[in-house]
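J.: Letter by letter, the chains look like this.
Protein chains: 2
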Amino acid sequence: MQAPLHFYFDFSSPYGYFAAMHIEALAGKYQRKVEWHPVLLGAIFKITECQPLIQIPLKGKYSAHDLVRTARFHHIPFAMPAIFPLATHLAARAVLWLINTQGQDSAGKFVKAVYQAYFVDGVNIGDALQLAQIATNCGFDAAALTQATATPEIKEQLKLQVDSAIEHGVFGSPFMIVDEEPFWGFDRFDQLEAHLKNGKI
Amino acid sequence: MQAPLHFYFDFSSPYGYFAAMHIEALAGKYQRKVEWHPVLLGAIFKITECQPLIQIPLKGKYSAHDLVRTARFHHIPFAMPAIFPLATHLAARAVLWLINTQGQDSAGKFVKAVYQAYFVDGVNIGDALQLAQIATNCGFDAAALTQATATPEIKEQLKLQVDSAIEHGVFGSPFMIVDEEPFWGFDRFDQLEAHLKNGKI
Chain A
4 MQAPLHFYFD
14 FSSPYGYFAA
24 MHIEALAGKY
34 QRKVEWHPVL
44 LGAIFKITEC
54 QPLIQIPLKG
64 KYSAHDLVRT
74 ARFHHIPFAM
84 PAIFPLATHL
94 AARAVLWLIN
104 TQGQDSAGKF
114 VKAVYQAYFV
124 DGVNIGDALQ
134 LAQIATNCGF
144 DAAALTQATA
154 TPEIKEQLKL
164 QVDSAIEHGV
174 FGSPFMIVDE
184 EPFWGFDRFD
194 QLEAHLKNGK
204 I
Chain B
4 MQAPLHFYFD
14 FSSPYGYFAA
24 MHIEALAGKY
34 QRKVEWHPVL
44 LGAIFKITEC
54 QPLIQIPLKG
64 KYSAHDLVRT
74 ARFHHIPFAM
84 PAIFPLATHL
94 AARAVLWLIN
104 TQGQDSAGKF
114 VKAVYQAYFV
124 DGVNIGDALQ
134 LAQIATNCGF
144 DAAALTQATA
154 TPEIKEQLKL
164 QVDSAIEHGV
174 FGSPFMIVDE
184 EPFWGFDRFD
194 QLEAHLKNGK
204 I
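Protein chains in written order, with the working numbering: chain A, 4 to 204; chain B, 4 to 204.
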């Protein structure tokens, strides 16, 4: 097996959602496993001095339009949630706990379920009870997951995870790194695939 | 002939350069003419409170890498200029003068020549003498062009042009509007082509 594909994302990122729904198929086509890296864009934006896309004058209005169009173009179900953006640290910690206890594939299953709950069904994924329900639906131990997301250990793990992402140059979502080659954005999947296919671009 | 494709760009935008080299072929394939709209990102960034890409922490380093890779991926000659970014108001005014006096096709010829001079040959396109040389190489009256770019009328025209672009929601380069549908970025050429082909996405 070749080196894994590192997938960095924030649950409040619609383009992260689009990418998350396709990344395993793309990676698997070239014998790569996905490693999931939940991050917090709020912490990263303090470094880059950027604002959430949707809040930027002119760009925000375009982005709202582009998101709907991009979803349609790629045939991905999508409905802009009423609460947007929202706090994603609980969901991110839940992903880390799943990685710790059950591995990357289980984490991936949960990532996709949380993203779909938020960007298709409009569920408030910032809420611990809603996250527990999603975990139950996925067949995970919701009580253990909820408990884990409140521990100092997992909080510290997420902080280190975000620091590590920044050290690796991650500044947005989705952000993919494979063989130390960085790709930012769902619209770099063409170049990412060229790299996976040919080992270079 | 159907409605034209409006192409907004700043000469200091490398992705604008990539797009400018391909936009006429794409538009022409679907019986559209290109209308060139030089803008000044500096003025636009005052509205969006954004910085030039290359100056943003983390994002700047990635962008420098992505530009070279994107050029290679699309087989476009590219060398990052030593002076970057630079003032593009003279070149923008020259384009407006060409549109006024000789039409969109001549303007397009000049746009591509200026972009290539900057992003392939490293010419300082902020310099009036260098712009005159490019105009001469294109077969245009360089003396008339140089004189025109210093008049109050053309300065005012560029200011109105930038204001109009902002009113149309333009916040970056390249930015394309066709049939009132906006597309930002060279990486939206796939969706732009889908629109041109099918009238919708």
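The reader is advised that the hints may include incorrect statements.
Keeping only pairs whose Cα atoms sit at most 30 Å apart, straight-line, the calculated BS3-like set for lysine-lysine is [said to hold, decoys possible]: (1) Lys200/B <-> Lys49/B; (2) Lys32/A <-> Lys200/A; (3) Lys49/A <-> Lys49/B; (4) Lys36/A <-> Lys49/B; (5) Lys49/B <-> Lys162/A; (6) Lys64/A <-> Lys64/B; (7) Lys200/A <-> Lys49/B; (8) Lys49/A <-> Lys36/B; (9) Lys64/A <-> Lys162/B.
These are computed hints drawn from the structure, not numbers from a lab. Owing to the predicted nature of the structure, the values given are computational and were not obtained by experimental measurement.
J.: Does each hint fit the structure? Answer for all of them.
T.: Now the hints, each set against the structure:
1. Lys200/B <-> Lys49/B: Violated: Lys200/B and Lys49/B sit about 35 Å apart, past 30 Å.
2. Lys32/A <-> Lys200/A: holds, 9 Å
3. Lys49/A <-> Lys49/B: Within the cut-off at roughly 20 Å; holds.
4. Lys36/A <-> Lys49/B: violated, 43 Å
5. Lys49/B <-> Lys162/A: Answer violated: Lys49/B to Lys162/A is near 33 Å, above 30 Å.
6. Lys64/A <-> Lys64/B: Holds: Lys64/A and Lys64/B sit about 27 Å apart, inside 30 Å.
7. Lys200/A <-> Lys49/B: violated, 42 Å
8. Lys49/A <-> Lys36/B: violated, 43 Å
9. Lys64/A <-> Lys162/B: Holds. Lys64/A to Lys162/B sits at ~23 Å (cutoff 30 Å).
The structure is inconsistent with the numbered hints 1, 4, 5, 7 and 8, although it conforms to all the rest.
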